[in-house]
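A.B. asks: Next come the chains, spelled out residue by residue.
Number of protein chains: 2
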Amino acid sequence: MSGLSMSSFSFEPLPTAEVEAAEERFTVFTDEVRRLMDLTIRSTVDEDRLSQAEALIRQAADLLAESAPPGPAGVHYNDQGRSWNWGNAVVGVRNAIAPPVRLTWDDDDLVHAEVELGAAYEGPPGSVHGGVSALLLDHLMGETASSRHTKLTVTGTLTLRYVQPLPLGRVRMEARIAETSGRKVTVTAWIGNDNGPAVEATGLFIVPRWAENPEVVTDIGSLD
Amino acid sequence: MSGLSMSSFSFEPLPTAEVEAAEERFTVFTDEVRRLMDLTIRSTVDEDRLSQAEALIRQAADLLAESAPPGPAGVHYNDQGRSWNWGNAVVGVRNAIAPPVRLTWDDDDLVHAEVELGAAYEGPPGSVHGGVSALLLDHLMGETASSRHTKLTVTGTLTLRYVQPLPLGRVRMEARIAETSGRKVTVTAWIGNDNGPAVEATGLFIVPRWAENPEVVTDIGSLD
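Going down the list, the protein sequences come from chains A and B. The first sequence begins at -11 in this note's numbering and counts up by one. The second sequence begins at -11 in this note's numbering and counts up by one.
Hints were generated in silico from the structure; no laboratory data involved. Keep in mind that a hint or two might mislead.
Just so you know, same-sequence chains aren't split out, so a pair can sit in one copy or run between any two.
Taking lysine to any residue pairs in the SDA-like style, the calculated list, with each CA pair at most 25 Å apart, reads [said to hold, decoys possible]:
1) K172 to T147
2) K139 to Q152
3) K172 to Q152
4) K172 to R37
5) K172 to F14
6) K172 to R149
7) K139 to P57
8) K172 to E35
Next up, chain A with everything else stripped away, as it sits in the complex (with noise of 0.2 Å):
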């Protein structure tokens, strides 16, 4: 993909401790945030509470608002290799939108997770939304491409084939690497619970030229 380079993230002279206190804060914050639109989708309150909850939420909204600079949360890095995307869709601790998705490493090629995923991410009735699979892989994939972030890749194709429906509640999901050749990575991976793989995938992931030498050794990984 062309329009990224290495100056797209920024370096913030953040020690690694600071960020992880701001990151265990905002953990805290956004799970707050996480029941609230969980509850908006299933409250059957009267329109009394509904106006009460929604002058509160607006009472929320506007002191964060007191300072918030334009534009998306980012990608940052410290000088001690430690990087953050709080904003990010699937892992950042400040975007409600994600579970946010944990990852293991279980060896250089292989990473797996587990996560809760509620009301939130329904497609079919009482089943998680199939282009929600596709989202969580995706992610998974691009971060077992970096095979722990010692590359940065960016996702090239990504074919899903959906075998049955995946009910929302615990998943696990899966990938590792099935081939390295140059700056390509073949990562296969499937989403799914007790009864299986309820989607499988295969993705072919790229370290884009600017990124085979970069200058700033972080841990930024995938690009997803």
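Since the structure of chain A is provided, determine the placement of chain B on it from the hints.
C.D. replies: Frame of chain A; chain B shown alone:
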């Protein structure tokens, strides 16, 4: 896909006018939640304001929780042929994850949508998450396969080609039926902006055997 059938959808004796009034009300309410979600990512306020906002969000959620049966929103239909899926992750008017996308049928075979994607949809710095493009395309293509909801389809396979980064902001997507053969519908699509397509997709959608002659004719459409 197995595990879904016409009984997955629930009949509700709610007149279309009331469905539409509820949708209008929740469009406004959920937009407040979307604003909060966006500010949760972008705000730089101090801990004092953050705590105040957190307390207000909790109060709002507690109000909504006074009556909130467990389980997802589901997909419903009435006896006037109107269906609604307010919890859907792409188009649900009560789901803050959904931008929401609003589809326009240009004809039976061609569907487009335009939508503003802000900070909550970020992947690479300043760009739409590749998985979000997959999420939106999957939904759009499934709806397209349904030929204006005259048939009910599920995703079989989906192939995505990532051509260039897609900056956050206004995006456009378009899908068309390329071929129909028995229970199989092939759909091609793209998502992009004035610079052209960023992601191109081909999908195979299938009418499940149990949905070939559904007893209840509704406008449910795609099972995304």
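A.B. asks: Would you mind marking each hint as holding or not holding in the structure?
C.D. replies: Hint by hint, here is what the structure shows:
Taking the closest pair of Cα atoms, K172 and T147 come within 25 Å of each other both inside a single copy (16 Å) and across two copies (18 Å). Proximity of K139 and Q152 under a CA criterion of 25 Å is satisfied inter-copy only: 19 Å between copies versus 34 Å inside one chain copy. Proximity of K172 to Q152 under the C-alpha cut-off of 25 Å is restricted to the inter-copy arrangement: shortest distance 17 Å between copies versus 30 Å within a copy. In the homo-oligomer, the alpha carbons of K172 and R37 never lie at most 25 Å apart, since the shortest distance is 54 Å inside one protomer and 47 Å across protomers.
For a Cα distance limit of 25 Å, the shortest separation of K172 from F14 qualifies neither inside one copy, at 35 Å, nor across copies, at 46 Å. Proximity of K172 to R149 under the C-alpha cut-off of 25 Å is found in both arrangements, the shortest distances being 22 Å within a copy and 15 Å between copies. Proximity of K139 and P57 under a CA criterion of 25 Å is satisfied in neither setting, with 31 Å inside one chain copy and 46 Å between copies. In this assembly of identical chains, K172 and E35 lie within 25 Å of each other by CA distance neither inside one copy nor across copies; the values are 55 Å within and 44 Å between.
Consistency with the previously given hints fails for numbers 4, 5, 7 and 8, ordered from lowest to highest.
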